[in-house]
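All chains should be modelled from the sequences, with the hints used to inform the complete structure.
Residue numbers (the numbering used here), protein chains in the order written: chain A, 99 to 577; chain B, 99 to 577.
A portion of the hints provided could be inaccurate.
A pair holds if it fits inside one copy or across any two, identical chains being indistinguishable in the list.
Unchecked claim - Below 20 Å or equal to it, Euclidean Cα-Cα: the simulated DMTMM-like pairs (lysine to aspartate or glutamate) are:
hint : residue 1 : residue 2
1    : Lys222    : Asp126
2    : Lys543    : Glu300
3    : Lys414    : Glu154
4    : Lys421    : Glu154
5    : Lys156    : Glu145
6    : Lys222    : Asp123
7    : Lys399    : Asp423
8    : Lys219    : Asp343
9    : Lys517    : Asp503
10   : Lys219    : Asp123
11   : Lys219    : Asp102
12   : Lys433    : Asp226
13   : Lys219    : Asp126
14   : Lys222    : Asp102
15   : Lys198    : Glu241
16   : Lys335    : Glu179
17   : Lys156    : Asp123
18   : Lys401    : Asp424
19   : Lys451    : Asp424
20   : Lys222    : Asp426
For the record, the hints were derived by calculation from the structure and aren't laboratory data.
Number of protein chains: 2
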Amino acid sequence: MAEDKLTTRADDFSEWYNQLVLKADLADYAPVRGCMVVKPYGWALWENITAALDKEFKATGHVNAAFPMLIPMSFFEKEKEHVEGFAPELAVVTHGGGEKLEEPLVVRPTSETIIGYMYAKWIKSWRDLPVLINQWGSVLRWEMRTKLFLRTAEFYWQEGHTAHVSAEEAKDEMFRILDIYADFAINEAALPVIKGEKSDTERFAGAQITTSIEGMMQDKRALQSATSHYFGQNFSKAFEIQYVDQNNTLQFCETTSWGLSTRMIGAIIMTHGDDQGLVLPPRLAPIQAVIVPIFKTPEEKAKVMEVADRIFKELKAAGIRLKMDDRDNVSSGFKFNDWEMRGVPIRIEVGPKDVEKGSVALARRDKPGKEGKSFVPQTGLDSTVSGLLVEIQDSLLKRATEFRDANIHDPKDYDEMKKVLESGWAFSYWCESRECETKVKEDSKATTRNIPFNQPDVEGTCIVCGKPSKRKVYFARTY
Amino acid sequence: MAEDKLTTRADDFSEWYNQLVLKADLADYAPVRGCMVVKPYGWALWENITAALDKEFKATGHVNAAFPMLIPMSFFEKEKEHVEGFAPELAVVTHGGGEKLEEPLVVRPTSETIIGYMYAKWIKSWRDLPVLINQWGSVLRWEMRTKLFLRTAEFYWQEGHTAHVSAEEAKDEMFRILDIYADFAINEAALPVIKGEKSDTERFAGAQITTSIEGMMQDKRALQSATSHYFGQNFSKAFEIQYVDQNNTLQFCETTSWGLSTRMIGAIIMTHGDDQGLVLPPRLAPIQAVIVPIFKTPEEKAKVMEVADRIFKELKAAGIRLKMDDRDNVSSGFKFNDWEMRGVPIRIEVGPKDVEKGSVALARRDKPGKEGKSFVPQTGLDSTVSGLLVEIQDSLLKRATEFRDANIHDPKDYDEMKKVLESGWAFSYWCESRECETKVKEDSKATTRNIPFNQPDVEGTCIVCGKPSKRKVYFARTY
Chain A
99 MAEDKLTTRA DDFSEWYNQL VLKADLADYA PVRGCMVVKP YGWALWENIT AALDKEFKAT
159 GHVNAAFPML IPMSFFEKEK EHVEGFAPEL AVVTHGGGEK LEEPLVVRPT SETIIGYMYA
219 KWIKSWRDLP VLINQWGSVL RWEMRTKLFL RTAEFYWQEG HTAHVSAEEA KDEMFRILDI
279 YADFAINEAA LPVIKGEKSD TERFAGAQIT TSIEGMMQDK RALQSATSHY FGQNFSKAFE
339 IQYVDQNNTL QFCETTSWGL STRMIGAIIM THGDDQGLVL PPRLAPIQAV IVPIFKTPEE
399 KAKVMEVADR IFKELKAAGI RLKMDDRDNV SSGFKFNDWE MRGVPIRIEV GPKDVEKGSV
459 ALARRDKPGK EGKSFVPQTG LDSTVSGLLV EIQDSLLKRA TEFRDANIHD PKDYDEMKKV
519 LESGWAFSYW CESRECETKV KEDSKATTRN IPFNQPDVEG TCIVCGKPSK RKVYFARTY
Chain B
99 MAEDKLTTRA DDFSEWYNQL VLKADLADYA PVRGCMVVKP YGWALWENIT AALDKEFKAT
159 GHVNAAFPML IPMSFFEKEK EHVEGFAPEL AVVTHGGGEK LEEPLVVRPT SETIIGYMYA
219 KWIKSWRDLP VLINQWGSVL RWEMRTKLFL RTAEFYWQEG HTAHVSAEEA KDEMFRILDI
279 YADFAINEAA LPVIKGEKSD TERFAGAQIT TSIEGMMQDK RALQSATSHY FGQNFSKAFE
339 IQYVDQNNTL QFCETTSWGL STRMIGAIIM THGDDQGLVL PPRLAPIQAV IVPIFKTPEE
399 KAKVMEVADR IFKELKAAGI RLKMDDRDNV SSGFKFNDWE MRGVPIRIEV GPKDVEKGSV
459 ALARRDKPGK EGKSFVPQTG LDSTVSGLLV EIQDSLLKRA TEFRDANIHD PKDYDEMKKV
519 LESGWAFSYW CESRECETKV KEDSKATTRN IPFNQPDVEG TCIVCGKPSK RKVYFARTY
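Okay, here's the thing in structure tokens:
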């Protein structure tokens, strides 16, 4: 596939994305409406994402468990907003073992209900709290418009569900996780996301507070990249999740949930990718460096492969995730394009002249062409490559941060806001009324993304209606 | 829960098992028929199992991917034996997004069909082969009689699916995986399983050869603990998985599949557990050692905790998976019972006298009472504990192997076989006819488990009908 030219981002960003996902071998369309197959290369990327997050969840006292994928339909009806939010998206199992079921079962779109049911059974006393459980798996939402990784019927994610003695502790948990998500996005995925609180209309169905991290993609649209919710006692009352406190009084728990999905892969593609294909942050890249030996004659091959093999061993021993591309049925040019399409951060070329000179050529994926190419000694290559991986990681974050900051505007009035929202975000005071939010959506197709926690010290006036306003919000178009 | 006495194995092995799963906090019954919740402690055990296997799969060139959980019903009808085998167990999604679906979708009971469909799309040339993909996830089979871990409607597993150019290569793959399963079972889980080929009646639906590992539980029943299948061209013809060979001729692939599930946890419980609860092999135990500080007065507490904390740090630094039980609302006796129920291999007691003497008490879970207790110096405790973990691991395997060998019989005739099958396995010549297999099942409730690859050099006569027989088979009762 890699030899076909990719549509450019400027020509058609959406089509560029769709082609890239397929050409970089990340995923494919499944024969079931709206579902995807995550191919090995895409799954290896997801495994690196899950490993980094799982480590942080465990370091903060969370444990993993597994709850059933099927949930009785009646469970959804126990929390009013929750069922209203999810009812249109449910896939329903009506038959099992050749017979019609007495009660239809829903393939989980999210697991608050079934986990709430089990927590009610498990939690008895304040000594049982907090319960801090996470689950890795997939969920199913019958989405109408789907796009690989960004919005698919079945998608892969983790969902954390916690129960606490107090609102304060539950909110702390919500923020703790939001910080984990933001730190992961920034430090591992090189995505300069913005943390904040969602508006009432954008909240999760059943939540009292929803917080999110939002990233700016290269088409300047916003992508909600993970969410962390505080439910108050909504679910604990619906499912009777109660505990006896230290005064022997029965109390309802305060609960949270939080999730990050394979959509994160979409964020990585749309933040870092270029017209040659995927660009992966080194810390998450399944392959951090590829060695391409270059030769024509058998004599050259023998000399080159000796060096290439030695380098491979050295870099492998240094813990670098490495691939040797010794295919004999494609040209070096094909290989270069192929690994560029797949976003491998560093290409190491070894040719006959390199063998003579004791050098290799390094090509950085984040800087195409001559600018990103350097010739370095074979001696000490492990530390050269390790250092360059760090430099690329930093450089990707810096570039994305500059791009983000250059495209967030502070329009002086509503007319200017309409203009900036055509290609960028607006960071403006808003009165937090649904009317003004709807007006912006109608006029500019932009929604409120989130209200960040760091706000200016002064109050202002709503950019839409002019009423007094306490907090600024990000307005942006999304997918 | 741990204070309630466990039913003994002798009284009621099945009830002992059911109680143990709940009391050891491994799993719970879900509110959906036949489904289970794997609780954090059980999931931590499963994570250790998956980590060990995943490492071996990757070391042998396999990669992970993810295929959808929903499969069009029509896919199942493409392979005749496969649909016959699985049709009675299917759960069917008939509605999605509020509407009736045009074609019903099946929640995957296994993924040969959908993966076959994708392989047909991906595989073009001999250069694309072999394809060696594994998937971690869950599947759903509408089972009538369920038992936690052993047989649940939804269960967790890995399923590998590979495609090859030749029958020889595909069979090699089947055996390679069977070896990985057996090595894992023996070396990590301390289960002395037996490798062999299944009879025609016991084969996987659609397979040409099914191989398995079989373990003997303490009630002397056999448990099939993993399977590896060779399909020949059954699935490649059903799904048109074809490639162009080096002579430019279109050929059908040879395929395999193989799986190991959460049933492995059932095998561990029933092989090693005792009347005090679970006994975990150290290599897989989520907690390898628990420290129980013992004190009465605040002065004692201060002295004891200083030593306990220091030991905790030292052992943690040595890579031992460790828990400090400093609960103040339960007695030491309660704690001892609790950690015995959960099968933690080593208990480390630190009391005021230990502090004075510079010693600690170690209690081995595999040897209850005084026999398993020793007093050792605090100095060098990390290597003492590490060494003891190895010793316990070896000891569990040895004990299970001796038990297995003592209960496999070589009956001299059919009457004796009927007798030994009441409480043990028979390893006997069998003519490989369905008639004799059925007769044994009717007479003794025993089935053929597998035909091992190492056979005696001489031929014999079928223990049922007396006809000449080339191979010996294991007969045993199962669950």
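Taking the hints in turn, this is what the structure says about them:
Taking the shortest Cα distances, Lys222 and Asp126 sit within 20 Å of each other only across copies (16 Å), while inside one copy they are farther apart (46 Å). Taking identical chains as interchangeable, the C-alpha atoms of Lys543 and Glu300 lie at most 20 Å apart only when both belong to the same chain, with a minimum of 15 Å there against 60 Å between chains. In this homomeric assembly, Lys414 and Glu154 come within 20 Å of each other (Cα to Cα) only across copies, at 18 Å, whereas the closest approach inside a single copy is 26 Å. For a Cα distance limit of 20 Å, the shortest separation of Lys421 from Glu154 across copies, 19 Å, qualifies, whereas the shortest one inside one copy, 28 Å, does not.
Taking the shortest alpha-carbon separations for Lys156 and Glu145, both the intra-copy value of 16 Å and the inter-copy value of 13 Å come in at or below 20 Å. For a Cα distance limit of 20 Å, the shortest separation of Lys222 from Asp123 across copies, 15 Å, qualifies, whereas the shortest one inside one copy, 49 Å, does not. Taking CA atoms no more than 20 Å apart as the test, Lys399 paired with Asp423 passes inside one copy only; the shortest distance there is 13 Å, against 62 Å between copies. With identical chains, the CA atoms of Lys219 and Asp343 are at most 20 Å apart within one copy only, with a shortest distance of 16 Å there and 59 Å across copies.
In this assembly of identical chains, the alpha carbons of Lys517 and Asp503 lie at most 20 Å apart only when taken from the same copy (17 Å versus 81 Å across copies). For the homomeric pair Lys219 and Asp123, the shortest alpha-carbon distance between copies (13 Å) is at most 20 Å, but the shortest distance inside one copy (44 Å) is not. Taking the shortest Cα distances, Lys219 and Asp102 sit within 20 Å of each other only across copies (18 Å), while inside one copy they are farther apart (57 Å). With identical chains, the CA atoms of Lys433 and Asp226 are at most 20 Å apart between copies only, with a shortest distance of 16 Å across copies and 56 Å within one.
Proximity of Lys219 and Asp126 under a CA criterion of 20 Å is satisfied inter-copy only: 10 Å between copies versus 41 Å inside one chain copy. Taking the shortest Cα distances, Lys222 and Asp102 sit within 20 Å of each other only across copies (17 Å), while inside one copy they are farther apart (61 Å). Only between protomers do Lys198 and Glu241 lie at most 20 Å apart by alpha-carbon distance; the minimum there is 15 Å, versus 26 Å within a single protomer. Taking CA atoms no more than 20 Å apart as the test, Lys335 paired with Glu179 passes inside one copy only; the shortest distance there is 13 Å, against 49 Å between copies.
Taking CA atoms no more than 20 Å apart as the test, Lys156 paired with Asp123 passes between copies only; the shortest distance there is 19 Å, against 31 Å inside one copy. Taking the shortest Cα distances, Lys401 and Asp424 sit within 20 Å of each other inside one copy (14 Å), while across copies they are farther apart (63 Å). Only within a single protomer do Lys451 and Asp424 lie at most 20 Å apart by alpha-carbon distance; the minimum there is 18 Å, versus 66 Å between protomers. With identical chains, the CA atoms of Lys222 and Asp426 are at most 20 Å apart between copies only, with a shortest distance of 18 Å across copies and 65 Å within one.
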